[in-house]
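Colleague: Below, each chain spelled out in residue letters.
Number of protein chains: 4
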Amino acid sequence: MDFIRKELNRRRPGQSGLTTPRKEADEVTFLSGIYEGKTTGTPIGFLVLNENQHSSDYDDLKTVYRPSHADYTYQQKYGIRDPRGGGRSSARETVARCVAGAIAKIVLQDYRITIRAYTSQVGTIRLKGSYNDYDLSLAETNPVRCPHPATALEMEALIKEVKAQGDTIGGIISCVIQGTPVGIGEPVFGKLQAALAHAMLTINAAKGFEYGDGFEAALYRGSEHNDRFYNDKSHDQEMIRTRTNYSGGIQGGISNGEDIYFRVAFKAVATLLTEQETVTVAGEVTTLKARGRHDPCVLPRAVPIVESMTAITLLDYLLIQKAR
Amino acid sequence: MDFIRKELNRRRPGQSGLTTPRKEADEVTFLSGIYEGKTTGTPIGFLVLNENQHSSDYDDLKTVYRPSHADYTYQQKYGIRDPRGGGRSSARETVARCVAGAIAKIVLQDYRITIRAYTSQVGTIRLKGSYNDYDLSLAETNPVRCPHPATALEMEALIKEVKAQGDTIGGIISCVIQGTPVGIGEPVFGKLQAALAHAMLTINAAKGFEYGDGFEAALYRGSEHNDRFYNDKSHDQEMIRTRTNYSGGIQGGISNGEDIYFRVAFKAVATLLTEQETVTVAGEVTTLKARGRHDPCVLPRAVPIVESMTAITLLDYLLIQKAR
Amino acid sequence: MDFIRKELNRRRPGQSGLTTPRKEADEVTFLSGIYEGKTTGTPIGFLVLNENQHSSDYDDLKTVYRPSHADYTYQQKYGIRDPRGGGRSSARETVARCVAGAIAKIVLQDYRITIRAYTSQVGTIRLKGSYNDYDLSLAETNPVRCPHPATALEMEALIKEVKAQGDTIGGIISCVIQGTPVGIGEPVFGKLQAALAHAMLTINAAKGFEYGDGFEAALYRGSEHNDRFYNDKSHDQEMIRTRTNYSGGIQGGISNGEDIYFRVAFKAVATLLTEQETVTVAGEVTTLKARGRHDPCVLPRAVPIVESMTAITLLDYLLIQKAR
Amino acid sequence: MDFIRKELNRRRPGQSGLTTPRKEADEVTFLSGIYEGKTTGTPIGFLVLNENQHSSDYDDLKTVYRPSHADYTYQQKYGIRDPRGGGRSSARETVARCVAGAIAKIVLQDYRITIRAYTSQVGTIRLKGSYNDYDLSLAETNPVRCPHPATALEMEALIKEVKAQGDTIGGIISCVIQGTPVGIGEPVFGKLQAALAHAMLTINAAKGFEYGDGFEAALYRGSEHNDRFYNDKSHDQEMIRTRTNYSGGIQGGISNGEDIYFRVAFKAVATLLTEQETVTVAGEVTTLKARGRHDPCVLPRAVPIVESMTAITLLDYLLIQKAR
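In order, the protein sequence lines correspond to chains A, B, C and D. Per the working numbering, residue 1 is the first one in the first sequence, and the count goes up by one each step. Per the working numbering, residue 1 is the first one in the second sequence, and the count goes up by one each step. Per the working numbering, residue 1 is the first one in the third sequence, and the count goes up by one each step. Per the working numbering, residue 1 is the first one in the fourth sequence, and the count goes up by one each step.
Fair warning: there could be bad hints in the mix.
Label pairs and their calculated CB-CB ranges [stated by the list, open to error]:
#1 A/Thr124 to D/Arg324: 43 to 53 angstroms
#2 D/Tyr111 to C/Asn9: 18 to 28 angstroms
#3 A/Gly45 to C/Thr287: 49 to 59 angstroms
#4 C/Thr287 to A/Ser137: 56 to 66 angstroms
#5 B/Arg112 to C/Asp110: 23 to 33 angstroms
#6 B/Phe189 to C/Thr286: 43 to 53 angstroms
#7 B/Phe189 to A/Lys62: 19 to 29 angstroms
#8 C/Thr286 to D/Tyr111: 24 to 34 angstroms
#9 B/Phe189 to C/Lys322: 49 to 59 angstroms
#10 D/Phe189 to C/Gly37: 42 to 52 angstroms
#11 C/Asp135 to A/Gly37: 49 to 59 angstroms
Cross-link-like lysine to aspartate or glutamate pairs, in silico, DMTMM-like; alpha carbons within 25 angstroms at most [to be verified]:
#12 A/Lys322 to D/Asp316
#13 A/Lys38 to A/Asp2
#14 A/Lys62 to B/Glu238
#15 C/Lys233 to C/Glu258
#16 A/Lys38 to C/Glu93
#17 B/Lys6 to B/Asp60
#18 B/Lys163 to A/Glu216
#19 B/Lys233 to B/Asp259
#20 B/Lys322 to C/Glu186
#21 B/Lys322 to B/Glu238
#22 C/Lys38 to C/Asp316
#23 A/Lys289 to B/Glu224
In case anyone wonders, no lab produced these hints; they're calculated from the structure. All values reported here derive from a predicted model rather than from experimental measurement. From the three backbone atoms N, C-alpha and C, an ideal C-beta is built for every residue, glycine too.
The task is simple: from the sequences and hints, build the whole structure.
Modeller: See below:
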């Protein structure tokens with residue numbers, strides 16, 4: 001329970017000056033599936049009430065389509081729309097992902113699998129090199145969740161500058177999974193990278209996914225980026241490993257025991273504190289300026305969400321393999 | 001039937017000097033679901049026999065793990081492996097995707113939806129600008145399927161050079177969907193971009209997916225990349241549209257009526273005609289050199305596969321919306 | 001909302017002397033999916049808290065396996081068990097089915113489809129003839145929900161006698177769906193009768209399902225029970241109908257426009273107010289005698305559950321057909 | 001392979017004078033998923049071509065709706081229909097179920113689970129008592145597949161009489177699963193009996209399903225039919241068992257280790273060799289008389305289909321439990 005609470009706190013708004021000052025309580029109440037501190041194997045139901053939202057804050061949204069938000073598409077899709085807090089399209093729903101992810105992480109501990117995500121880029125400020133060059137545990141020591149303190153400070157400064165302008169900024173989150181056994185992932189339509197891509201692209205504001213050498217793979221030749229196998233005899237038990245890991249720990253859709261790593265691009269938050277041109281539901285020209293309490297940069301709070309979706313996806317596939 | 005045959009031909013090996021000279025027949029035989037030239041609404045079963053494969057070509061593969069192939073992961077996952085042609089992990093399975101995609105495209109014609117993919121990058125040779133700058137129908141006029149003839153020639157030259165060295169090269173395929181009605185895609189875990197990402201990452205050798213401004217979104221501010229709504233009165237019927245389309249035609253996981261566009265990164269083919277270090281099934285060091293008949297670059301043949309997976313995915317979501 | 005409340009009340013314990021005197025409040029709170037009295041197209045979440053249950057009532061159940069209950073199987077399956085109220089196996093979960101069923105019924109009204117279930121047998125007291133012989137609306141006028149008042153009185157008397165003995169009794173519920181359009185149901189594994197059978201057998205205490213002539217079909221010859229088609233010209237629009245309806249409104253898994261009717265057998269409630277031999281979790285012999293508040297006969301309260309599961313199942317298949 | 005062929009033969013028409021004289025070859029060709037006699041873990045594709053069917057036999061069926069067949073419902077559902085052999089609604093599709101069932105049975109042998117179905121009723125001729133009263137292996141010694149030779153002869157005589165009249169007859173198949181471990185089946189909507197009911201009701205001509213005491217449960221009191229637990233110390237390992245087994249081996253949707261037994265009702269085959277009134281596709285009155293080659297009684301050939309669907313269903317649920 002403490003772990004779940006801690007994970008929820010990592011996602012919570014108002015953790016630092018970088019994120020929205022909204023102070024949501026985010027207390028989780030379990031309704032089913034847990035008895036005397038243990039899961040019973042039956043579905044886990046829980047509630048996280050939104051103590052902090054004032055429906056009146058969203059009155060404008062009944063009649064105006066916010067640019068780059070889902071107001072227009074929901075209205076057209078369903079012919080009806082709940083405007084409170086963006087309704088079903090609100091990033092608020094990711095709170096449930098964090099609870100589920102926290103539970104999945106607890107299970108993954110038994111498999112000795114660890115998942116670590118971190119902010120690797122904000123605007124043009126980019127963490128150089130590979131995840132191997134950093135002590136990833138440092139990511140949790142600063143509000144942007146970047147494992148390199150000096151870069152973290154630069155990112156912070158940029159976010160504060162952007163915030164002062166009533167603007168927002170995008171970035172990239174990197175994620176590493178260590179300890180996955182060989183054989184996780186399913187052929188053809190169930191490839192592990194496809195499941196991870198799906199999971200990541202369901203996160204609000206995510207615009208791209210790449211794993212292993214990713215988009216850079218386009219530049220290289222097979223002779224440069226093929227991962228040669230060798231027999232690693234440095235441990236008690238011989239193990240077939242690869243000398244490089246451009247594959248990103250997945251070959252033919254199935255984990256090969258090497259680290260799985262991937263990157264997720266996030267666009268700037270669409271809600272701005274400056275005036276934007278848009279139209280009303282009736283199609284008339286108007287302008288919109290959001291009132292307080294919005295994130296200038298989604299990245300720091302998206303880190304635990306990326307980890308959660310990774311944990312959920314991986315555990316699903318571990319269980320599928322276990323059935324074999 | 002002619003259309004399906006034509007689509008299969010676009011995927012077929014041996015179309016040009018750029019691809020594997022293997023001359024697979026790729027004749028599709030429909031077993032069910034089609035009666036007097038029309039689908040009956042029941043499952044469509046079909047067979048595409050592989051006339052051209054000699055199992056003996058794969059004798060080596062029983063005992064050796066090919067680098068960056070799925071031999072090792074399949075062996076570990078299942079404890080047993082069919083080595084013929086890479087078995088279940090062979091890109092040969094995409095022939096079925098092309099048949100399904102051709103059928104989906106026929107249905108999408110009724111919705112006036114068109115899907116066009118093309119090669120936008122091979123190695124470092126990159127098509128500049130946006131898809132709007134090119135006449136995409138030109139892609140089918142050259143063997144690399146790039147809509148800019150001059151760039152196509154450069155790409156061809158590079159692929160031939162790489163091939164002469166017994167090597168392979170990666171690249172990027174871009175894809176545009178035009179005519180999607182507003183409202184396609186489902187909230188939360190069924191976002192349209194997530195389904196497309198999943199579909200693309202199931203294609204062999206795909207390493208990344210991005211839609212709209214994609215990974216570039218990381219660099220921009222909300223004020224720069226938000227898509228302002230306006231009321232387009234230039235047609236008989238008023239239509240709410242966006243002045244820019246950084247969103248890539250999808251907002252909140254649901255199509256907004258603008259063009260949907262995305263890019264898929266492909267790594268270099270792992271099978272090389274040069275010697276590579278690897279290990280045998282028993283863990284012993286060996287070297288491997290593939291014999292003839294392999295693609296130096298997967299991109300040209302992957303173009304129809306990207307289109308097929310797009311068509312299948314989009315039609316699924318159109319039918320889901322139709323049920324509403 | 002009123003309709004949903006009314007439907008919940010039909011399932012509620014303590015409606016009459018025939019059912020458990022437990023007075024559960026059964027107030028439903030909608031958490032999502034409904035805005036200003038209309039569904040928004042997104043998932044409908046709701047809570048029905050159990051105000052009336054005292055966990056202490058179930059203290060015995062931690063250590064004793066109740067005969068013909070799920071205590072033993074859950075314990076063995078999961079290795080852990082929440083004994084409160086039978087946990088996940090409690091018939092209490094059917095409250096959610098009634099809420100979902102009430103919503104499905106509201107939608108089915110637009111299709112002019114009506115669903116009516118009723119108690120057709122309790123112990124040896126059996127309603128003779130077919131559903132056509134009765135005014136089914138009378139079922140709601142008596143506590144056993146039997147449409148024939150005289151038979152209802154006999155059933156009531158039997159249930160009271162059984163209750164006085166601390167015993168319980170089984171019975172049969174019949175159900176009729178009227179107004180289903182032709183074409184609902186899917187081939188092979190999605191046959192409408194298979195979906196209905198599945199739905200009914202998920203209800204606690206259900207032991208059998210039959211539709212149309214059901215188990216009686218075993219006795220008859222094809223020449224006796226085939227349903228002859230004729231062209232019904234008695235309405236404005238010609239309609240192909242069948243002269244008899246032994247098929248029960250479904251042919252080849254697909255509705256043919258005639259009435260769909262089926263029967264569901266229920267066993268006697270397993271919880272008795274008399275002593276029963278059983279074993280403890282440790283495997284020791286013991287006896288068990290339930291304390292107050294249990295139904296002598298599940299039939300009257302199961303009627304709305306049968307209707308709800310029918311409504312949910314049918315609406316699913318209507319939406320599948322709508323996607324075509 | 002031999003086992004699969006043998007199982008297919010049990011379903012094959014023309015095994016005896018009781019079934020259709022059609023001599024389908026029913027040779028199965030495996031296309032994928034099997035390598036050197038073992039399954040590889042990837043999907044198993046196979047073909048069973050219908051060597052014996054003459055499309056011309058079905059010419060009438062283009063224009064006439066056969067009574068109690070699916071011609072009319074398919075036509076209305078899809079607006080198009082493949083009339084050859086009943087198309088998708090033909091019982092011919094059960095050949096695939098037998099192949100899948102044979103493979104599932106091979107896997108179930110490793111779990112020491114046995115499945116035995118037999119004909120327990122044809123028309124009014126009924127096998128008395130319980131499955132425990134018979135040596136079920138005798139079912140395969142006679143063409144009706146009834147384990148009691150004397151009753152089998154009566155059934156045979158009845159079927160022959162019915163056949164001589166150009167008529168058909170229904171019946172009941174009973175099935176027993178022995179050796180299921182405790183804990184198979186899922187709560188609420190995944191109850192094992194619901195999955196079995198679903199599976200059985202997908203078989204052509206099935207009209208009802210009951211397990212354990214089934215419809216008879218309606219007649220009994222809890223005190224009569226509750227299954228008392230006891231600690232069976234007669235084996236090396238203590239085991240909690242039930243003194244009776246009215247529950248049919250399933251409690252709360254989950255297997256309790258006792259025998260699982262159930263019964264499936266089948267109606268008479270709809271195709272008659274006598275004239276029947278019906279309508280044409282255009283709605284005009286006509287009569288129909290089938291030509292040769294049809295079963296007077298589906299029961300004997302349905303026995304292996306019931307077993308196959310049981311094996312497939314049970315194996316699914318075993319794998320689900322294995323994932324836990």
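Colleague: Compare the structure with each hint and give your call.
Modeller: So, going through the hints one by one against the coordinates:
For the pair A/Thr124 and D/Arg324, the supplied restraint of 43 to 53 angstroms holds, since their beta-carbon distance comes to about 48 angstroms. Checked against the hint of 18 to 28 angstroms, the pair D/Tyr111 and C/Asn9 fails, with Cβ atoms roughly 46 angstroms apart. Checking the proposed 49 to 59 angstroms range against A/Gly45 and C/Thr287 shows it is violated: the Cβ atoms sit about 35 angstroms from each other. For C/Thr287 and A/Ser137, the hinted distance range of 56 to 66 angstroms is satisfied, since their beta carbons lie about 58 angstroms from each other.
Checked against the hint of 23 to 33 angstroms, the pair B/Arg112 and C/Asp110 passes, with Cβ atoms roughly 30 angstroms apart. For B/Phe189 and C/Thr286, the hinted distance range of 43 to 53 angstroms is satisfied, since their beta carbons lie about 48 angstroms from each other. For the pair B/Phe189 and A/Lys62, the supplied restraint of 19 to 29 angstroms holds, since their beta-carbon distance comes to about 27 angstroms. At about 32 angstroms, the CB distance of C/Thr286 to D/Tyr111 agrees with the hint of 24 to 34 angstroms.
B/Phe189 and C/Lys322 have their C-beta atoms about 22 angstroms apart, which leaves the hinted 49 to 59 angstroms range violated. In this structure the supplied range 42 to 52 angstroms is violated for D/Phe189 paired with C/Gly37, their Cβ-Cβ distance being about 29 angstroms. Under the hint 49 to 59 angstroms, the C-beta atoms of C/Asp135 and A/Gly37, about 55 angstroms apart, fit the expected range. A threshold of 25 angstroms between alpha carbons decides the hint, and for A/Lys322 with D/Asp316 the separation of about 14 angstroms falls inside it, so the pair holds.
With a CA separation close to 13 angstroms, the supplied pair A/Lys38 and A/Asp2 stays within the 25 angstroms bound. Using a Cα cut-off of 25 angstroms, the hinted pair A/Lys62 and B/Glu238 holds, with the two alpha carbons roughly 20 angstroms apart. With a CA separation close to 15 angstroms, the supplied pair C/Lys233 and C/Glu258 stays within the 25 angstroms bound. Straight-line distance between C-alpha atoms of A/Lys38 and C/Glu93 comes to about 21 angstroms, which keeps the hinted pair within the 25 angstroms bound.
Distance restraint check for B/Lys6 and B/Asp60: the Cα-Cα separation of roughly 34 angstroms exceeds the 25 angstroms cut-off, and the hinted pair is therefore not satisfied. With a C-alpha separation of about 20 angstroms, the suggested pairing of B/Lys163 with A/Glu216 holds against the 25 angstroms cut-off. In summary, the hint linking B/Lys233 to B/Asp259 is supported, as the alpha carbons are separated by about 18 angstroms, within the 25 angstroms threshold. Of the pairs offered as hints, the one joining B/Lys322 and C/Glu186 holds, with about 17 angstroms between alpha carbons and a cut-off of 25 angstroms not exceeded.
Restraint check: the Cα-Cα separation between B/Lys322 and B/Glu238 comes to about 23 angstroms, which is no more than 25 angstroms; the hinted pair holds. The hinted pair formed by C/Lys38 and C/Asp316 meets the criterion: a straight-line CA distance of about 19 angstroms does not exceed 25 angstroms. Between A/Lys289 and B/Glu224 the alpha-carbon distance is near 15 angstroms, which keeps this suggested pair within the 25 angstroms criterion.
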